[in-house]
Amino acid sequence: MLEHLPNLLAPKFFVLYAFVASAMYIHYRGRIRHRFYRQLTDHSTFMAPYNVLMYFFSAVPNRPYVDVKEFPELKKLTDNWQMVREEAMQLFDEGHIRAAAKYNDLGFNSFYRRGWKRFYVKWYDDPLPSAVALCPKTAALVQSIPSVNAAMFTLLPPGGDLGKHRDPFAGSLRYHLGLSTPNSEKCRIFVDGEPYHWRDGEAVIFDETFIHWAENKTDQTRVILFCDVERPLTSRIMATINHWYEATVIRASQTENMAGDHVGVLNKIFSFAYYARLPAKALKRKSKLAYYSAKWLVLGGLLYWIFI
32 MLEHLPNLLA
42 PKFFVLYAFV
52 ASAMYIHYRG
62 RIRHRFYRQL
72 TDHSTFMAPY
82 NVLMYFFSAV
92 PNRPYVDVKE
102 FPELKKLTDN
112 WQMVREEAMQ
122 LFDEGHIRAA
132 AKYNDLGFNS
142 FYRRGWKRFY
152 VKWYDDPLPS
162 AVALCPKTAA
172 LVQSIPSVNA
182 AMFTLLPPGG
192 DLGKHRDPFA
202 GSLRYHLGLS
212 TPNSEKCRIF
222 VDGEPYHWRD
232 GEAVIFDETF
242 IHWAENKTDQ
252 TRVILFCDVE
262 RPLTSRIMAT
272 INHWYEATVI
282 RASQTENMAG
292 DHVGVLNKIF
302 SFAYYARLPA
312 KALKRKSKLA
322 YYSAKWLVLG
332 GLLYWIFI
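Going by my numbering, the first residue of the sequence shown is number 32, and it counts up by one from there.
No wet-lab data here; the hints were simulated from the structure. Check the hints yourself; a few may be wrong.
Stated by the list, open to error - Quick list of the computed label-pair ranges, beta carbon to beta carbon: (1) Thr109 to Tyr306: 40 to 48 Å; (2) Met114 to Tyr48: 47 to 55 Å; (3) Asp157 to Tyr48: 17 to 25 Å; (4) Lys195 to Gly126: 23 to 31 Å; (5) Gly232 to Tyr48: 24 to 32 Å; (6) Thr271 to Leu314: 37 to 45 Å; (7) Tyr306 to Tyr59: 30 to 38 Å; (8) Tyr48 to Leu314: 32 to 40 Å.
As the list claims (entries may be wrong) - Okay, derived cross-link-like pairs now, DSS-like style, lysine-lysine, Cα gap no bigger than 25 Å in a straight line: (9) Lys195 to Lys319; (10) Lys107 to Lys195; (11) Lys299 to Lys312; (12) Lys133 to Lys299; (13) Lys133 to Lys315; (14) Lys299 to Lys319; (15) Lys100 to Lys168; (16) Lys317 to Lys299; (17) Lys133 to Lys312; (18) Lys106 to Lys195; (19) Lys217 to Lys248.
Everything numeric in this text was worked out from a predicted model, so none of it was measured. For each residue, glycine too, the CB sits at the ideal point set by N, CA and C.
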């Protein structure tokens, strides 16, 4: 009978053990965490092995907030914040900071129902054609800083909020520069439970793979410059791997502000996958028990097929 049992020392099981260990590390990292069953299927769990390597080789402290002084090159942004604000507010006044018109923004699709809006300047590539046309000074500024991989203007309206979430990719850090904000503690972000409220002309950097959430309990719209900044690493090999991942996988999640901008292959797939998921969403509304039973049956079957 024992000969029919799987060899738990087989290489494929060591892959499983490493995955489980890294996923558990992600779950217990920080003071705030998701419920276990939510974390189990969260996208940050599937990125856990990669992210643990990013933390291990990080050249900056693995804390919720990172001192802006660790990135002296970003001073160019704060030095020019009024120019950046001028272009941002012109986009805002003309209605260009908005939700995606199609289901082709997998990274931020869930934010739109909460009032959050954006205008992409660049996304792990050269600035978008629409950004070059509509905010040329900001596009040139962010492109002149090699560590800035992505940039966008984002808006959170009065009463808007973003629920607790982790971003899936630890190869970058998140930079926010206040442009037109309430300058109030009632408009703030929490990173691992630590609050920060945006102020005009001031910048903050945080690790977006800690659980974070945001709220605007004022009567004023919050507009900021939102950037992904390259995480400094102590290993050249890991830095090369991270650059490759950004240039292939993350860049493939590029999307458009308007017609003529490039849409990456992942977002093209997402637009089809969204509609394919509608029957599952309908089942969830009808019966959560049936939905989660089917979900765990599929996941369990997949694991059995791979490892048994």
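If you check each hint against the structure, which ones fail?
3, 5, 10, 14, 16 and 18
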